[in-house]
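Trainee: Given chain A, work out where chains B and C should sit, using these hints.
Chains as they are written, first to last, in the UniProt record's numbering: chain A, 1 to 381; chain B, 1 to 902; chain C, 1 to 179.
Be careful, since some hints might not be right.
Quick list of the computed label-pair ranges, beta carbon to beta carbon [claimed, not checked]: (1) C/163 / B/26: 26 to 36 Å; (2) A/319 / B/405: 18 to 28 Å; (3) C/47 / B/236: 56 to 66 Å; (4) B/433 / A/261: 48 to 58 Å; (5) B/30 / C/162: 33 to 43 Å; (6) C/163 / B/213: 54 to 64 Å; (7) A/240 / B/315: 18 to 28 Å.
Hints were generated in silico from the structure; no laboratory data involved.
All residues carry an ideal CB built from backbone N, CA and C; glycine is no exception.
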Amino acid sequence: MPVSASAIYFLNLRGDVLINRLYRDDVGNANVACGFKFVVEAVALFKSYFGGAFDEDAIRNNFVLIYELLDEIMDFGYPQNLSPEILKLYITQEGVRFAIFIKGVQLYMMLGVICREAHSFALPSDKPVPNATLQVTGAVGWRREGLFYKKNEVFLDIVESVNLLMSSKGSVLRCDVTGKILMKCFLSGMPDLKLGLNDKIGLEKESQIKSRPMKSGKTIELDDVTFHQCVNLTRFNSEKTVSFVPPDGEFELMKYRITEGVNLPFRVLPTIKELGRTRLEVNVKSSRFQFQSKLPRQAFKSHQVEQKYNAAIDCLVWKIRKFPGQTEATMSAEVELISTMAEKKPWTRPPIQMEFQHNYQSTEQAIFTQHKYSRHNGFPF
Amino acid sequence: MSGHDSKYFSTTKKGEIPELKEELNSQYKDKKKDAVKKVIAAMTVGKDVSSLFTDVVNCMQTENLELKKLVYLYLINYAKSQPDLAILAVNTFVKDSQDPNPLIRALAVRTMGCIRVDKITEYLCDPLQRCLKDDDPYVRKTAAICVAKLYDINAELVEDRGFLDTLKDLISDNNPMVVANAVAALAEIQENSTRPIFEITSHTLSKLLTALNECTEWGQVFILDALSRYKAADAREAENIVERVTPRLQHANCAVVLSAVKMILQQMELITSIDVVRNLCKKMAPPLVTLLSAEPEIQYVALRNINLIVQKRPTILAHEIKVFFCKYNDPIYVKMEKLEIMIKLASDRNVDQVLLEFKEYATEVDVDFVRKAVRAIGRCAIKLERAAERCISVLLELIKIKVNYVVQEAIIVIKDIFRRYPNTYESIIATLCESLDTLDEPEAKASMIWIIGEYAERIDNADELLESFLESFPEEPAMVQLQLLTATVKLFLKKPTEGPQQMIQVVLNNATVETDNPDLRDRAYIYWRLLSTDPEAAKDVVLAEKPVISDDSNSLDPSLLDELLANIATLSSVYHKPPETFVSRAKSTSTRQDDEEYADAVETGYSESPSYTVENPAVTSTSSSTVRQTGSAAPASSSAPTSPPAPVQDLLGDLIGLDNAIVPVDQPTASYGPALPVLLPSSTGQGLQISAQLVRRDGQVFYSLLLENSSQMVLDGFMIQFNKNTFGLAAAGPLQIPTLQPATSTRTLLPMVLFQNLSPGPPNSLLQVAVKNNQQPVWYFNDKIPLHIFFSEDGRMERTSFLETWKALPDSNEVAKDLLVAVIHSIDTTIEHLATANVFFVAKRKNANKDILYMSAKGPRGIPLLIELTAAVGVPGVKCAVKTPSPELAPLFFDAMENLLK
Amino acid sequence: MGILFTRMLSSVFGNREARILVLGLDNAGKTTILYRLHMGEVVSTIPTIGFNVETVQYNNIKLQVWDLGGQTSIRPYWRCYFPNTQAIIYVVDSSDTDRLVTAKEEFHAILEEDELKGAVVLVYANKQDLPGALDDAAITEALELHKIKNRQWTIFKTSAIKGEGLFEGLDWLSNTLKA
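Extracted from the complex, chain A is given alone in its bound form:
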């Protein structure tokens, strides 16, 4: 039974119930995958309504709106339309603000971010749109009709996170890349978009299983791709083109995973010595990136100028503005720990986190060849 919830509760960190909505009695063998996904999507929806914040204050200040949304997005335990774009057509409240949110998933390393351009959104009007109900239930339940932009623009961002495990000697033990293609669309009407994947992309098809071509260095093997609900999956399966009617504004078009043939742009060699109970010596040799290294909780002070200790996140942060190729940078720091009477807890050796921007990176460049955009009914392009 795809019922996913009998009730939704909003709790604060103390565990007090702030708001709840009961939908039905006990649901028995509920679909929990559906339930968790619903909660994730609902949080995104509320954030989109409240301008990014989703805390106790935001909940108290919008309880009427929340009740209204809860009534709309789930019926008798069955998730209904949760698309902010469509809901805003008929559940309108003052003070609605838009904000772009990119969830701060903990990434080990971020690769390549392009085309970051700020853009203001057109706020929907307060009047409910007459054919809202048709749009909620329509086949394109994520885009409203009648959008118009003077300038039609599409932006693509690729955010990749590389999960890397290196041995102390610097050899790569494990490495995989999770990439997201974020799209920002400001297009009029109901555009049909097509995105072609490069021939170099190997998606394992049945025929290839046995006779997989030898890795020629240029081929990029995508282990898996998943798509936003706007993408026609059946067509992707047959034609290998990504065709879709995009939601308005920003959304995550697709996700992919690569485990083979990942070239690393950087090499990081940390050495950390524990000097007695209260001192740590940190040396990092590396190449342009932002660098964070989690330190034991007791750390409070660091020397050296290039890097700073950020107490809020218990991290040593090292910023490098530019990092030309074939060069090396070194950071060394000494950390004094508050001496405690209690027995020292073993250090958990957390990973080093790097973040950087790169305007030209081989992976993403290889992904797209064509980028088609067809228009519908006479909107100026």
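Mentor: Chains B and C in isolation, oriented as in the chain A frame:
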């Protein structure tokens, strides 16, 4: 206005309620609206504002949609506490359900369905009827769900008002969201009903698969979940279905992916082509791996499901073990599940890498995780013989780190390794003994003592070691005391010298006179008696060779696994328990009595399903009990038997029930009466003989089976499948047959359902059955469907209605036949006998020397059968005439009557 | 001009608000009367399970008119609406002679209510268009209106379908309430 609602939470001083009451009755709209918001705020923080019921309801007729929604919300919360006053809201609801604005129409039916108060429900039907046929899809999709709500409140009302048919019509709606909600509603209603309501035919299946493309992500989940109940007719259809579902694996919504996986796995059961199966396994792997980059909660759900999937199809993720390696920032519950899967995927090929990981985990800081990692190394050793040595050396390395809990955990698993590979790795005992002093946990202590006792002859100072434990004997936990007792006895039997002799005196004294623990005392007395009467016998008993263990501590019974796989993505798949064990919701007791009885049987699941195990499977394993045994024990004891069983049966059930929870408490006694016809002789079945027959018990059709194993093999993993047939008979659940040892037999009653896979063409009685097990090829045999098993208990007709029905049917609907073999010896006994087969006496008359009996029966789908029997008592040959709306059933009917009158 | 100011002015010019209950047995024509007054037309109605409420502006008086369902099951809840009521319009189906006794009993029970002590009473002898309908005098007799003490009351012959007599009644009501 919104954004500043928190002001409504501020509490006014005294007299809040009267103040609100006044404001609610204000003439000014803004004040009114603010007052309602304050009421809702008070409700939100848990204050009782039910006394304002009429005042709030009086605000209901408003143009302001926001205000209206708030009043509706209030009603949902408080109508139950003011059931009488709720009637005041009816008029407004009914009006709103006809409002020109579709949002309001939908809001009205949606809300009415949420109010479980008779007075509201009574008036829901008319608006619902209208809204189901509304022009606006938004209203229709809301009304579709509302039917499920109404069914939950009052199932009869739904059936009487014909909502089910209207709902079924919505499956063909042109709007995908309406279709999806209608499917969800129907699937739920079906789940709560015992009658076939929502039958998925191949036609609906195909239509719904097409609708998948247009549906919202949630709609896709509804449809996939509903379709996963569908059983494809053959491998080709299954392949077809799978092909159309596979693209869903690429969806970004994890629920869509898991529901698609569920459906594919179900259909794969039928697919015979190895290539196709291999291909599907290849296709499913990447999406499953991708789920591991979702939010941690979703990862957890995915991991619990993957745990099941790899047990069924280990190949799917055989090459993906790396993705289950724990990440630094994984929450602990995700790490624990990953470990479990790593053990399942560990193989000779990857074990080195896996051990490296486990070793790493064993040096982390979370104690539970470290312990599990150590245990995992031990389980790898037990699972992979060739890697056992490497596992042990890793364990020894870990012991050397001298972290207390690591050492203790390592010793526990090493004990298991010794039991798995006796006389292989004893050389490490010396190393273990070095850590003796650090042991402070009972299980670790007990394990170490077991090792010392078991290998006393190889440990030079075994007596000293044990002696050091003896001092604290009275303070030790029972687990350690028992091991100390046994180990000391072993030591004494192996080294009957002076030291051990003294020790045994101390121990026996401690374990008999000084203790209150009956287990310990009993065991001590047994040893004592053995030692004092016949030390040689004591040796045979105490030092007997122990059976080798295997690692099955975390794998599930195959039939349970299949059930859980059919529940992928649900709570059941996360708990690893069948739904019946934690779902207590009663099925709707439909009007028909036979349904009710069946409902009882189904609801409590396993323990009640009338499968019956005669033999008692002998089990040697380390697992103490499977999930199912613990899970289903409770409902078995609490359920009331549907028919009073014979006392002997009850006793038998209780006795066997101790060991085997799948034995039902109430056995339909009569089913084991007559011998069953042999359908698969043992000569054909390589030693497996199957006798079977369809029977009707308590209003339900069962397939009564007797399986006899005269082969030399242990047979297990029995499954049964029925081919398409005239009445669509199919198994209602998996075949519950335990492992069948050579020269044993087992009987079972398999509940059947009707109208599943209907075969086209004129009715015939052929039933083709396939039975398979893990050891033999698939066996096929034919059986006959006797029509009378469908005759329902409510087939009795009054004279008048018999006459009316008879007259209403055209003469062409009457068929007659002379049953030559049949004979009526006595009118009364015949009437009585036929009544047991649900053929009921209506009237009789005499014509010359012949008696004419009029009888009635109700066939499948409630088809009435009007019967006229003409015969001379005692003379063979009965003329049988039948009049029915379905005369095509006549040949089968005559066969049945001939059988009954033999 | 602020809202407050508007209100003050309107009270100076006698634009007042009054809360009025329309009561009577089921099928007396209450809902039809309400919508005839509110919209000036005849709407098709169904038995009112609950209530209807509309605002009727008449002769400078804003009348908030509550039409309550007349079925036996709903009558007990009439009392929820009694507080702050200035006037009652009691509607009688003049052709339903069988139930006149019940109509009378309900009517006098209402008049007993403390919360309605100050309310004036307007009786509509409705359905005059039907053959066999009793006239106002006969209804006055049947309802024993002459027993009313300490309260202003009157009776009008009406036909909600034809729209006759309703506004005459409202004239009386508005004048009485203004006084």
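Trainee: Taking the hints in turn, state whether each one holds.
Mentor: A quick look at each hint next to the structure:
The given range of 26 to 36 Å is respected by residue 163 of chain C and residue 26 of chain B, whose C-beta atoms sit roughly 32 Å from each other. With their beta carbons about 41 Å apart, residue 319 of chain A and residue 405 of chain B fall outside the hinted range of 18 to 28 Å. Checked against the given bound of 56 to 66 Å, the beta carbons of residue 47 of chain C and residue 236 of chain B, roughly 59 Å apart, stay inside it. Evaluation of the 48 to 58 Å hint for residue 433 of chain B and residue 261 of chain A yields a pass: the beta carbon distance comes to about 51 Å.
The hinted window of 33 to 43 Å between residue 30 of chain B and residue 162 of chain C holds, with their beta carbons roughly 39 Å apart. Evaluation of the 54 to 64 Å hint for residue 163 of chain C and residue 213 of chain B yields a pass: the beta carbon distance comes to about 58 Å. Against the hinted window of 18 to 28 Å, the Cβ-Cβ separation of residue 240 of chain A and residue 315 of chain B comes to about 26 Å, which satisfies the hint.
The structure does not agree with numbered hint 2 stated previously, though it agrees with all others.
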